[in-house]
Amino acid sequence: MNKSKLSIYGIATAIAVSLIGSASFAADCTIKIGGLAPLSAPGAVGGGEAMRDAMKLAEADLNAAGGALGCDIKVVIADTEGLPEKAAAMMNRLITQDGVVAVGGGYHSSVGVASKDVANDAKIPVVFAETWNDTITGDKQQFIFRIAPLSSWASATIWQSAILAPGLKKVAILTENTDYGIPAAAETTKGLVANGIEAATYGVDIGTQDYSGIVERIKAYDPGYVIVLATGEAGYNFAQQAADAGIGPMDVPFQAGQVALESKAWWENVPDGQYAFVQRIGIPVNLWNDKALKLNETYKALTGKGAIESYALEAYDSIAILVQAINEAGSTDGEAIVTALENIDHDGTLGRIYFPYGSGKDPSVDGKGDEWWHQWPDPAMTVIQYQNEGEDSTDSAIVWPDAYKTGDAIWVSQ
Amino acid sequence: MTFWGVVGAFGTRRAYLKKDMDTSNAGYIGSMIGAATGPVGLIALWLKTPETRKSLLVVPPIAAFALLAISFAFADPSNSCVTNGSFVASQISNGIILGILYGFMALGLTLIYSILGVVSFAHGDFYMIGGMAAYYVTMVWFPGVNPLFGIGFACVSTFILGAVFERIFLTPMYDGRIDRPVEYGILVTFGLAFTLQYFIAATVGSNPVKAKRYFDFPRLHWPSKEDPWLLKTRRGGLELFDTITISNPRFTAAVVCIIVLLMLLYFLHRTWTGKALRAVSLDREAAAITGINPNRMNMLAFALGGMLAALAGALLVQAFSWLPQVGAIPAMRSFVIIVLGGLGSLPGAFVGGIIVGLVESAGTGCIPDPQKAASYIPAYGGIVLLLTLLLRPTGLFGRRFSGGSHGKFG
Amino acid sequence: MSKQQVPLIVGVIIISFLMIFPFVYTANNYPYVMHIMIAGFFYAILTSSWSMLAGYGGQFSFGHMGFTGIGAYTTALFCHYIYLSPEATNICTEFSVGSQYLVIVNPIGITSSTLVQDCLREAMSIWDGSVKVTPMPVWLGIILGIAMGGLFGLLIGLLVLPLRAAYLALFTLGFTEILRAVISSELDITRGQAGLELPKLFENGITIFGRHFDKTDPLPPYFVMLFLLFFCLGVLYWLAQSKFGLFIRALREDQDAAAALGVNTTKYKIMLFVITSMMAAAAGAFFAHYIGIISPNNLMILQMSLVVSMAVIAGIENIFAAAIGAIIIEFTLETLRTSFDVPLIGVEVDMTVWRLVIFGALLMITLRLSRNGIIAPIINYFLRGHVADETVAKRKVSDSSEESA
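Protein chains in written order, with the working numbering: chain A, 467 to 880; chain B, 27 to 436; chain C, 2 to 406.
Check each hint, because a few of them may be wrong.
[As the list claims (entries may be wrong)] From the structure, some residues in chain C lie toward chain B, with a derived Cβ separation under 7 angstroms: (1) Phe61; (2) Ile179; (3) Met365; (4) Arg369; (5) Phe383.
These are calculated hints, taken from the structure and not from any lab test.
Backbone N, C-alpha and C define an ideal beta-carbon position, used for all residues, glycine too.
Next comes chain A alone, as it looks inside the complex (with noise of 0.2 angstroms):
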């Protein structure tokens, strides 16, 4: 589109905008955000579900409180199918097809890296809410927030808990081939060399079933602990058949993958599953706010689902913190939006959420890698076990870090 034909737009815009404000029949408006979720495989449709659900849940709260501008606001779920290259495609669609202000969610790293520049370009912000991969904040753009760990705080919650397991010598890591799995085993690698402890990596193709030939493999390297870098049904099937040769968490010390958050699915689908270890992004259950608290009953009564997961709670957050940053702009628009989000300082149901880093404090200027530009700087991760058959991760023995500790791990061995 040339530049006359957008200034005419422009203005046709503008017009329209303060002739609709000066009638002021301001609950007939509807401020759309986009939300991005894995809905259809190869995606981790599971997660991608959860996602949605709980943005659909923020949108209807946050109407009831009131909405954004006074207008109604409407959450705009979009399938990334997981794809990069349908992940850029959705984006623009969101944007110029449905007229999102700014956009949530976003589940897989691949997605968020692919999708970042197209927003970044027309200028819509954007916080993403599960996606790791340190270079989605890395590149410094102005429009990209993210509510979700980096990679690399990811990677070592993973292998400093890890460490803890005793006489701990070789360790087995399965990833799948994506932009989350390979730089995290890449760390979670560095992290335990670094302390004396040996580590091989196991790749394998997302969409693999039949993991028998590498789970023989991982139990001739005899490693004493395993960790598990996949999302998706990959991460139930590889724990299950590892189960099924010996090696599986009632045998080895055993981290599943955030995919074992998922509590019904996990027990349904990965019967041996006992004592497995998993990692969980958010304050532990005990220090739930009450905005945390009062979302679980409602998920829990539209899922019906045991507890509300970790990357669901991210997806609530990363609408309402936008809503909010849309109110104290004061405007939709993008840029108005963005300098809101820098100053933020959002209750959420994570916790506090501040961006420290931004065009107003470098992340240099105190040290930090570029990683941390629009970061929240400190979600709360910690390692759960299932300690007992059946249970809700919710429910579960926080074994990591010693802060948040309700319970001594059970180091199973061979």
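Following the hints, put chains B and C in place on chain A, whose structure we already have.
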């Protein structure tokens, strides 16, 4: 080795062509001898150009394989495929178990091909439907019901589905209303696959589901509780000789597969309908003369073939997390197997299945870089497929079809 | 106006509509609609070239998406790893070419942190802007991609010579599967599932007739894809009309008979593969540069099934029908990505999944009832209107001559 294999494949064909001999196996023999013995054997072969004998078909590939294994052992002496005997044993047993399951599924596909001359692209989706049906019966509709009901329901429903589909969509192939029935068959089963997969995605959703283990193993320790070196079982698996572990669902599935296979053989060889099926696959017209209705047999074959895939699915839904697209990988594998075994050959499907299972196990187990070994799984089958088609398109047990079948109907 | 002229007139209308569409369409979702149109052209090229291969030539290849991937990945790797620099970096692999250095960047694979950088980026940060590094021109990458597609087409064409029908389909399926596995496993170089980023088609924007378009403007890629489609259709039409078309149809009907009549079946079969593969590779290369990222998921059988279904629904034996059908189907599929409430029973129907169920069912029903697809018979009705009369006339003549004999 690869080089001499390629030289052998092309050179031998030429050598045979020059002497005006049957070249159908020349490329295959040449490449295998070239790979196994290099230029020495090739020159001898080109000079003598012996008639195709069974020994020529069997010995060179074994020699080539042995050479490959030995050179691998020298190239990477620390690999656990070379040093660790029990690892090799467990990979081989794993490959055989997988092979039985794959082979069983491929059996249905090859049955369809032998009668209808059509490669069904919907085979993977029958597998998926079978698993879903068993899951729904045992977990959702009647929780706690005997899993046999689930398996039975899966078989019956897919049998009906196959029969109805065949009646509605495949019948135009038989009476010459369609110029190129083979392509039509591929396309229309392709459409069925597409529809079924998205229909399940739309109605069931894409969350992974799984049936409960059909039964738990009793705890056994043999010969003694203290030193169970022969056999040890847990509820989820069993361990033989302290080295080989077989998971419970796979073991159950493999045993059922073998039982059903025996039943199928009985059916094909001892009952009138079975004999009629085989007769049609051998010679359509001759069978029709003896009073067999070949079109009825088409319906039976398609429904039965789909049912076999569904049975495999119903048995494996307790082993794998089930999704609408779960059938794509086994379908591809079945294609590989039936080509390797020879399109339309029942024993070929079973032997092919075991070979493919072993190849996959060897690939996953022996490729030195652990980061890549498992991610190449889809390629192993593809390589077997390509090599078979290039060297010996008739496969291991391929036979030439006489009479009207093989895509040309009456 | 006679009946035969109708398709011609409709064709002219369609072409002029496509030519002026981006200038007259001004709704808010302009970029999105343009995106769908460009994707539609992409599928139209694939579908029409596949219908040439499968419909005219009878070569049921499931490897068409594989060639698309070869084209796209060739140019992606070329643009990603090769640069020209006026000064030596001394840390990369480089060759001196005249006054310039051809720099081959080392692959760093998928990284999470921005701290890991390839050798060229390291050298550039040392130079700190004092040296200007030129990326390779996109068009050269695309040409290489097309050439590579042709090369693989030749290879596959040679290998599948003795294979027919189901064997051919399975062979090409296996080929695509291997290609996908390699790309997704060799992620140090290809970045696997993370996707390989490509420069935009016009990375620095382009100025045409004094008007400047920046790199994200959909108008230049729209016309590039449209002209590529026209070009491909032109070539395909010309081929179909020529002796070549006659011969490959003969191949399809009866290869042995054609060979016996002196048609060089080998030559024509291989030519057919090379030409259609090059078209697929060209479409893949251009489209990848337009999208800006390519991942091995494009090679999945589902993508291929989309192309096959489009061709079959539209009409597999008519390249124009296939092209038009592809655009219409792509447009419908994209616009159906919504959900709506069924008014009476209050159930929300999510069309995102149901649209593909309907699509699959449509494929089966089309095959069953109208084997030439939906659009091709319409075109044929107008074009071949006279043929029927002619045949009738001829039959009459022959009948009468028989009677007299």
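A quick look at each hint next to the structure:
1. Phe61: holds, 5 angstroms
2. Ile179: holds, 4 angstroms
3. Met365: Holds. Min distance 4 angstroms.
4. Arg369: holds, 6 angstroms
5. Phe383: Phe383 (chain C) check fails; min Cβ-Cβ to chain B is 23 angstroms, beyond 7 angstroms.
Comparing the model with each numbered hint stated earlier shows that hint 5 is the single one that does not hold.
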